[in-house]
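K.L.:
Residues per chain, in single letters:
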Amino acid sequence: MMRYWWLGPILIAVLLLPLLIGEFWVHVAIEILILGLFAMSFNMIFGYMGQLTFGHAAYFGVGAYATGLLLVKTAVPLPICLAVSMVAAGIFALIIGYFCVRMTGIYFAILTMAFGQLLYYIIFQWYSFTGGDDGLQGIVPPEWLISASAYYYFTLFIVVAALIVMWFISESPFGYTMRSIRENADRTRFIGINVRQYMLINFVVAGMFAGLAGGLLGPFNRSIAPDLCNWHQSGVPVFMTVIGGPLGFFGPMIGSVIYTFLFAFVTGFTEYWPLTIGLVIIFVVLFMPGGVLGLAQSKLKIMGAKDLAPEEQESTDTETY
Amino acid sequence: MTILKVERLNKAFGGLLATCNVSYEMQIGELSAIIGPNGAGKSTFFNLLTGYHRADSGRVLFQGKNITNWPPHKIARLGIARAFQVSNIYLALTTYENVRQAILAQQKKTLNFFTPAHRLAKSEAEKLLEVAGLSRHAHMVAGNLSQGDKKRLELAIALGSKPELLFLDEPTAGMSREETYETMSLVKRLNREMHLTILFTEHDMAVVFGYARRLTVLHQGSIIAEGSPEEVRSNETAQKIYLGEDA
Numbered sequence: 003m004m005r006y007w008w009l010g011p012i013l014i015a016v017l018l019l020p021l022l023i024g025e026f027w028v029h030v031a032i033e034i035l036i037l038g039l040f041a042m043s044f045n046m047i048f049g050y051m052g053q054l055t056f057g058h059a060a061y062f063g064v065g066a067y068a069t070g071l072l073l074v075k076t077a078v079p080l081p082i083c084l085a086v087s088m089v090a091a092g093i094f095a096l097i098i099g100y101f102c103v104r105m106t107g108i109y110f111a112i113l114t115m116a117f118g119q120l121l122y123y124i125i126f127q128w129y130s131f132t133g134g135d136d137g138l139q140g141i142v143p144p145e146w147l148i149s150a151s152a153y154y155y156f157t158l159f160i161v162v163a164a165l166i167v168m169w170f171i172s173e174s175p176f177g178y179t180m181r182s183i184r185e186n187a188d189r190t191r192f193i194g195i196n197v198r199q200y201m202l203i204n205f206v207v208a209g210m211f212a213g214l215a216g217g218l219l220g221p222f223n224r225s226i227a228p229d230l231c232n233w234h235q236s237g238v239p240v241f242m243t244v245i246g247g248p249l250g251f252f253g254p255m256i257g258s259v260i261y262t263f264l265f266a267f268v269t270g271f272t273e274y275w276p277l278t279i280g281l282v283i284i285f286v287v288l289f290m291p292g293g294v295l296g297l298a299q300s301k302l303k304i305m306g307a308k309d310l311a312p313e314e315q316e317s318t319d320t321e322t323y
Numbered sequence: 344m345t346i347l348k349v350e351r352l353n354k355a356f357g358g359l360l361a362t363c364n365v366s367y368e369m370q371i372g373e374l375s376a377i378i379g380p381n382g383a384g385k386s387t388f389f390n391l392l393t394g395y396h397r398a399d400s401g402r403v404l405f406q407g408k409n410i411t412n413w414p415p416h417k418i419a420r421l422g423i424a425r426a427f428q429v430s431n432i433y434l435a436l437t438t439y440e441n442v443r444q445a446i447l448a449q450q451k452k453t454l455n456f457f458t459p460a461h462r463l464a465k466s467e468a469e470k471l472l473e474v475a476g477l478s479r480h481a482h483m484v485a486g487n488l489s490q491g492d493k494k495r496l497e498l499a500i501a502l503g504s505k506p507e508l509l510f511l512d513e514p515t516a517g518m519s520r521e522e523t524y525e526t527m528s529l530v531k532r533l534n535r536e537m538h539l540t541i542l543f544t545e546h547d548m549a550v551v552f553g554y555a556r557r558l559t560v561l562h563q564g565s566i567i568a569e570g571s572p573e574e575v576r577s578n579e580t581a582q583k584i585y586l587g588e589d590a
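First to last, the protein sequences are chains A and B.
Residues in the first sequence are numbered from 3 upward in steps of one, following this note's numbering.
Residues in the second sequence are numbered from 344 upward in steps of one, following this note's numbering.
Some hints could be false.
Stated by the list, open to error - Which residues of chain B face chain A? A partial, calculated answer using Cβ under 8 Å: (1) GLY358; (2) LEU359; (3) TYR433; (4) ALA435; (5) THR458; (6) ASN534.
Claimed, not checked - The following label-pair restraints were derived from C-beta to C-beta distances: (7) A:ILE112 / B:LEU359: 25 to 35 Å; (8) A:LYS301 / B:GLY517: 55 to 65 Å; (9) A:GLY237 / B:LYS417: 47 to 57 Å; (10) A:ILE12 / B:TYR524: 50 to 60 Å; (11) B:ASN353 / A:ILE284: 48 to 58 Å; (12) B:SER528 / A:ILE283: 48 to 58 Å.
Unchecked claim - In silico contact screen, one side only, chain A against chain B (beta carbon under 8 Å); selected entries: (13) TRP7; (14) TYR178; (15) SER182; (16) ASN223.
Note that these hints are calculated values from the structure, not bench results.
Backbone N, C-alpha and C fix where the C-beta goes; we use that ideal spot for every residue, glycine too.
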């Protein structure tokens, strides 16, 4: 466990954060957590399973709409709304994933994107149920979560709990089976694993975590819009993961910190946000192909990234056997 | 007792008959080889038996069960494992993780979401690495292993499935003479001591005649000769087609 000493100071800093910064930045921190969870769920498919999904916003959006609709139209308590968000997103991921896991590579990416857009247009057009392009307004969190710092702690609790579960999954036999499918799907079939079925299970689990992240968004923004399901939104976790590094567990969360912080900071004084993030991505891809975490890992050998990207780490360790 | 029975198996790729009316039988405990020149259909035959290709016609029976055209994972679960000609391993995982993955799959533990994998199948994985002679490379990334060790790992992964019937596609390809000897001794031990039924393909005649107790000669997708090494050696057709050129 000594490898994870650095988690302690980070946790303390994260807990003290709302006392140290203004309300605007608390809002930014909440967004970092929500989008970070979204990106981490994306990376279950991208980093672990080795497939690029370009329709992950669909499950984020379904989660957001599930909680949003329940809060607007019923009196269901928020924690239950979030559970419903997870289940709803999981069901959509099951139906969509059933078709998508038949493909790999570019076809997988295109198919996930096509289904994502399909869902987007349904939500966009279905005025009577989803509010169409007006979105949903007046999604009010319960009384005890009205203040920014209360909602921050609530989000922090949920996201940390989700990350712990995801950590266990990544270290479990199932997590290693995902790595083995990424590395060599054929070999994995011949040791007796139904690759498609496992890919589908992973797709559903990833969709559920995306749904949870989406559920947290509505009460935070007080409103949601169909754009949440659009393909731009599917690109967000891709950017975050590329920036943070797909081959380490915390990579997408680090990417979210950088991306979301930059967004809040840059849009404060210029409208050229797409230009800025474009330059950042170009820089990362050209000069740090493993993302920030890949760089940190090769320099410091920390951050728990060993299991996903063992090349650099293990080769140096084993030279003296 | 018959463990494998193949009846009039056919497979064509376009106009090319890769497997032509092949009938074949194996008894429990056999150590046999299939030989034949490049393109004779050896790998295709293995691919048909393990579900990688679909047969056009014919039947494959394993322990009396019809497994023709079953998907690979189902065939593997029944107790048929294979090692590939070109080592087919998890390059970015460590040697240890490679064999552990096969063992976890065999133990049906891969749907476990919450027990850290490093706590499972420890003794089995260590023992298997020892058997394969890979213990000292346990924590090396598989992609950094030498060619010979990669082939050994390939074999270890196949053994991790605890098969009853093992197919080895050129298990010593790319190995040095010494590595070849070590690997084939291991194959022999697996057959003798663990009563594993093994079928291998090979083009090194010294290996074939030294270890296999029964040979089958494949040529252009058909079986042209079968029998003990001595019988095959003296078979005229076999000599003409194959041995004449190589041995």
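K.L.:
Would you mind marking each hint as holding or not holding in the structure?
P.N.:
Comparing the hints with the structure gives:
{"no.": "1", "hint": "GLY358", "verdict": "violated (26 Å)"}
{"no.": "2", "hint": "LEU359", "verdict": "violated (22 Å)"}
{"no.": "3", "hint": "TYR433", "verdict": "holds (4 Å)"}
{"no.": "4", "hint": "ALA435", "verdict": "holds (6 Å)"}
{"no.": "5", "hint": "THR458", "verdict": "holds (6 Å)"}
{"no.": "6", "hint": "ASN534", "verdict": "violated (21 Å)"}
{"no.": "7", "hint": "A:ILE112 / B:LEU359: 25 to 35 Å", "verdict": "holds (33 Å)"}
{"no.": "8", "hint": "A:LYS301 / B:GLY517: 55 to 65 Å", "verdict": "violated (37 Å)"}
{"no.": "9", "hint": "A:GLY237 / B:LYS417: 47 to 57 Å", "verdict": "violated (39 Å)"}
{"no.": "10", "hint": "A:ILE12 / B:TYR524: 50 to 60 Å", "verdict": "holds (55 Å)"}
{"no.": "11", "hint": "B:ASN353 / A:ILE284: 48 to 58 Å", "verdict": "holds (55 Å)"}
{"no.": "12", "hint": "B:SER528 / A:ILE283: 48 to 58 Å", "verdict": "holds (54 Å)"}
{"no.": "13", "hint": "TRP7", "verdict": "violated (19 Å)"}
{"no.": "14", "hint": "TYR178", "verdict": "holds (5 Å)"}
{"no.": "15", "hint": "SER182", "verdict": "holds (5 Å)"}
{"no.": "16", "hint": "ASN223", "verdict": "violated (32 Å)"}
Checked against the numbered hints given earlier, the structure breaks hints 1, 2, 6, 8, 9, 13, 16 and satisfies all the rest.
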